[in-house]
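Trainee: For this one, chain A is given, so just place chain B on it according to the hints.
There are 2 protein chains.
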Amino acid sequence: MSVQNASRVLTLPDSLPLDSGDALEGAVIAYESYGELSPAKDNAILVCHALTGDQYLASDHPVTGKPGWWERMVGPGKPIDTNRFHVICANVIGSCMGSTGPASNAPDGRPYAMRFPVITIRDMVRGQISLLDGLGIERLHAVVGGSMGGMQALSLAANFPDRAARVLAIATTARHSAQNIAFHEVGRQAIMADPAWAGGDYYAQDQRPDAGLSVARMAAHITYLSEAGLTEKFGRRLQQRADGSAGAKSFGFDADFQVESYLRYQGSGFTRRFDANSYLYITRAMDYFDLAEEFSSDGRSGHLGNAFAGTTARFCLISFDSDWLYPTAESRHVVHALNASGAPVSFVELSAPFGHDSFLLDVPALDRVVAGFLE
Amino acid sequence: MSVQNASRVLTLPDSLPLDSGDALEGAVIAYESYGELSPAKDNAILVCHALTGDQYLASDHPVTGKPGWWERMVGPGKPIDTNRFHVICANVIGSCMGSTGPASNAPDGRPYAMRFPVITIRDMVRGQISLLDGLGIERLHAVVGGSMGGMQALSLAANFPDRAARVLAIATTARHSAQNIAFHEVGRQAIMADPAWAGGDYYAQDQRPDAGLSVARMAAHITYLSEAGLTEKFGRRLQQRADGSAGAKSFGFDADFQVESYLRYQGSGFTRRFDANSYLYITRAMDYFDLAEEFSSDGRSGHLGNAFAGTTARFCLISFDSDWLYPTAESRHVVHALNASGAPVSFVELSAPFGHDSFLLDVPALDRVVAGFLE
Numbered sequence: 001m002s003v004q005n006a007s008r009v010l011t012l013p014d015s016l017p018l019d020s021g022d023a024l025e026g027a028v029i030a031y032e033s034y035g036e037l038s039p040a041k042d043n044a045i046l047v048c049h050a051l052t053g054d055q056y057l058a059s060d061h062p063v064t065g066k067p068g069w070w071e072r073m074v075g076p077g078k079p080i081d082t083n084r085f086h087v088i089c090a091n092v093i094g095s096c097m098g099s100t101g102p103a104s105n106a107p108d109g110r111p112y113a114m115r116f117p118v119i120t121i122r123d124m125v126r127g128q129i130s131l132l133d134g135l136g137i138e139r140l141h142a143v144v145g146g147s148m149g150g151m152q153a154l155s156l157a158a159n160f161p162d163r164a165a166r167v168l169a170i171a172t173t174a175r176h177s178a179q180n181i182a183f184h185e186v187g188r189q190a191i192m193a194d195p196a197w198a199g200g201d202y203y204a205q206d207q208r209p210d211a212g213l214s215v216a217r218m219a220a221h222i223t224y225l226s227e228a229g230l231t232e233k234f235g236r237r238l239q240q241r242a243d244g245s246a247g248a249k250s251f252g253f254d255a256d257f258q259v260e261s262y263l264r265y266q267g268s269g270f271t272r273r274f275d276a277n278s279y280l281y282i283t284r285a286m287d288y289f290d291l292a293e294e295f296s297s298d299g300r301s302g303h304l305g306n307a308f309a310g311t312t313a314r315f316c317l318i319s320f321d322s323d324w325l326y327p328t329a330e331s332r333h334v335v336h337a338l339n340a341s342g343a344p345v346s347f348v349e350l351s352a353p354f355g356h357d358s359f360l361l362d363v364p365a366l367d368r369v370v371a372g373f374l375e
Numbered sequence: 001m002s003v004q005n006a007s008r009v010l011t012l013p014d015s016l017p018l019d020s021g022d023a024l025e026g027a028v029i030a031y032e033s034y035g036e037l038s039p040a041k042d043n044a045i046l047v048c049h050a051l052t053g054d055q056y057l058a059s060d061h062p063v064t065g066k067p068g069w070w071e072r073m074v075g076p077g078k079p080i081d082t083n084r085f086h087v088i089c090a091n092v093i094g095s096c097m098g099s100t101g102p103a104s105n106a107p108d109g110r111p112y113a114m115r116f117p118v119i120t121i122r123d124m125v126r127g128q129i130s131l132l133d134g135l136g137i138e139r140l141h142a143v144v145g146g147s148m149g150g151m152q153a154l155s156l157a158a159n160f161p162d163r164a165a166r167v168l169a170i171a172t173t174a175r176h177s178a179q180n181i182a183f184h185e186v187g188r189q190a191i192m193a194d195p196a197w198a199g200g201d202y203y204a205q206d207q208r209p210d211a212g213l214s215v216a217r218m219a220a221h222i223t224y225l226s227e228a229g230l231t232e233k234f235g236r237r238l239q240q241r242a243d244g245s246a247g248a249k250s251f252g253f254d255a256d257f258q259v260e261s262y263l264r265y266q267g268s269g270f271t272r273r274f275d276a277n278s279y280l281y282i283t284r285a286m287d288y289f290d291l292a293e294e295f296s297s298d299g300r301s302g303h304l305g306n307a308f309a310g311t312t313a314r315f316c317l318i319s320f321d322s323d324w325l326y327p328t329a330e331s332r333h334v335v336h337a338l339n340a341s342g343a344p345v346s347f348v349e350l351s352a353p354f355g356h357d358s359f360l361l362d363v364p365a366l367d368r369v370v371a372g373f374l375e
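Residue numbers (the UniProt record's numbering), protein chains in the order written: chain A, 1 to 375; chain B, 1 to 375.
Same shape as in the complex, but just chain A (with noise of 0.2 Å):
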């Protein structure tokens, strides 16, 4: 899948190297703006993506053609306000969205697939310096991502500590738990027992991954949802009938429940708009992911204070109470990290029932929490 009509897109003149030891040549970022960049070039905020994320931050979904994705966040006199600020949102590499990914072609002229390099949270970050860079842009006024967003938000201020003033983290960790890998590892063997993956070759098929990668799908968005968001929303409630009538048992395998039938459309849904190879890719990225680790000097273990030693950056720190993937522990493991390197850090547990999800859906706390930080 790739985008043609993405609105932005730079060519990186060097070639990107990555935690593998591998390099990508010629990678391309793609990339979408909202706001006036300022003469003196001091008034950008990068927003990083989380996972199925792309750039379409603030503005309608070429392929769904629906709003942005955080359009209720970002736009003129929103809490990241375009009015004042130049908001700059980019595609990943690895993504599919315009971005260099296993879905563009290798210099080869066919597409990478299986053959694009393993890359690591770090390595989205330096495709994202590489963009800053290309732009002009020197030091943000801050850095900002809930979920993979916020790992990338964190790792930024670990690796490049003077390219951002502030950093926003909301609803991520430093590592990903057993737990957290446990999920993404049943996402990604759904989508490698669908036959039609073909060893990740499927692109000239006329068949794609689909039902794998919608099972895989599935399985992540219940880990987005709380429990008490889902029988909230849909509790045992059974579907209505074609003909407008209460439902029933049918004492069959269709979708009788709600439940059932909203993952069904989430599964479905995604497998529109995303590369199954992507979601192998990324998937492993966040699996990778330990800043404490990175930043160790045999490699394996570290403590977290050291990542963050030579930062300039003040911090924000958001996690929701409902968030069971990566729950308030993990933001507080990162904010005694940056007390314990001195850095100026706030941090906030938001009351919110939607689970990791939280940081997507409408919670004016959060609202005000992020207006407030970016000030």
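For the record, the hints were derived by calculation from the structure and aren't laboratory data.
Please note that the accuracy of each hint is not assured.
Said to hold, decoys possible - DEER-style ranges, computed between Cβ atoms:
1. R272(B) x V9(A): 18 to 26 Å
2. S268(A) x D367(B): 46 to 54 Å
3. T231(A) x P62(B): 38 to 46 Å
4. M114(B) x A340(A): 53 to 61 Å
5. G269(A) x E36(B): 53 to 61 Å
6. A204(A) x R241(B): 30 to 38 Å
7. S296(B) x H333(A): 44 to 52 Å
8. G199(A) x E232(B): 29 to 37 Å
9. P62(B) x V63(A): 46 to 54 Å
Glycine included, every Cβ here is placed at the ideal spot set by N, Cα and C.
Mentor: Chain B in isolation, oriented as in the chain A frame:
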């Protein structure tokens, strides 16, 4: 998968009526028993197994060769003491270890496959009661079960209130939540997405939907463990390499992390002992389970207390603090209903690190509560 060496098999003399309105003709119940039945037939304990369990409670599994799933609990001198009690465990209908299920031949001589009727937990209990009738056991000393076994224990108490003097329900619920249904739906979709599933008609094929069933098992398995337990057991530790050297990231899609390798092993091992269609039918039965609904006047909503109005049994409910699949609140809900209907009930939440699977594992406090309640 049909087990020929099930040591005991009862063919039901009458047709087994089902909640769907269908009936099973000539159904077979495969069971095991341990300990002597007293001449008065008043020392029988029925243990009900969980989703993927079977009748091999305290004797080696004929397919895997592994010890019975509750050997630590059931045996001479153990908490469920076979020196005193006659302990019965039957494979539930719909399963695949000798009792009639989708892999069994229908009256036309071909496997039922998806022609097998959708069953409920109450239907499983009807099968258990038919077995007790066949064995001449009028009233159980106790019915005992964990997880889906606990659902059967509660259903038996509600639907056949004179048949058990004691009801011990562990790590269970009186109804499946939206999140429970969602995880099951992921598993079913994984199976049905596997082309080898072939609409359920795979029994005559060389290939079975092992890939899909394995993914289903992996997703479910995560829900059986606690986040803390996974962290303690695996954390982010890497696999040892084949040459015995300490692991390193492969920058590939092999199982780098121990938790990935463990999940893959769980998934593939499961396919050797379980039938994919049985997985569909049994998860469906669990999703349909809502004891209050069964006893409501309109078949939709109801007070759980009504379900226990006719009971003469003593109850014991046990939950585990790290069980997020059927958390303590679910047991409390049952306890409140029993209180409302005036039934004697004791309840304890045990502290154990293993999540939902705690009921199968080494939790000495569980042994003490079980032994004490059965005295």
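Trainee: Hint by hint, note whether the structure agrees.
Mentor: Results for each hint:
For the pair R272(B) and V9(A), the supplied restraint of 18 to 26 Å is violated, since their beta-carbon distance comes to about 50 Å. As the Cβ distance of S268(A) to D367(B) is approximately 47 Å, the hint placing it in 46 to 54 Å holds. Checked against the given bound of 38 to 46 Å, the beta carbons of T231(A) and P62(B), roughly 40 Å apart, stay inside it. For M114(B) and A340(A), the Cβ-Cβ distance of about 59 Å falls inside the hinted range of 53 to 61 Å, so the restraint holds.
Between G269(A) and E36(B) the Cβ separation comes to about 60 Å, which falls inside the hinted range of 53 to 61 Å. The hint said 30 to 38 Å for the Cβ distance between A204(A) and R241(B), and at roughly 35 Å that hint holds. Separation of S296(B) from H333(A) is about 47 Å and conforms to the stated range, judged on CB atoms against 44 to 52 Å. At about 35 Å, the CB distance of G199(A) to E232(B) agrees with the hint of 29 to 37 Å.
Evaluation of the 46 to 54 Å hint for P62(B) and V63(A) yields a pass: the beta carbon distance comes to about 52 Å.
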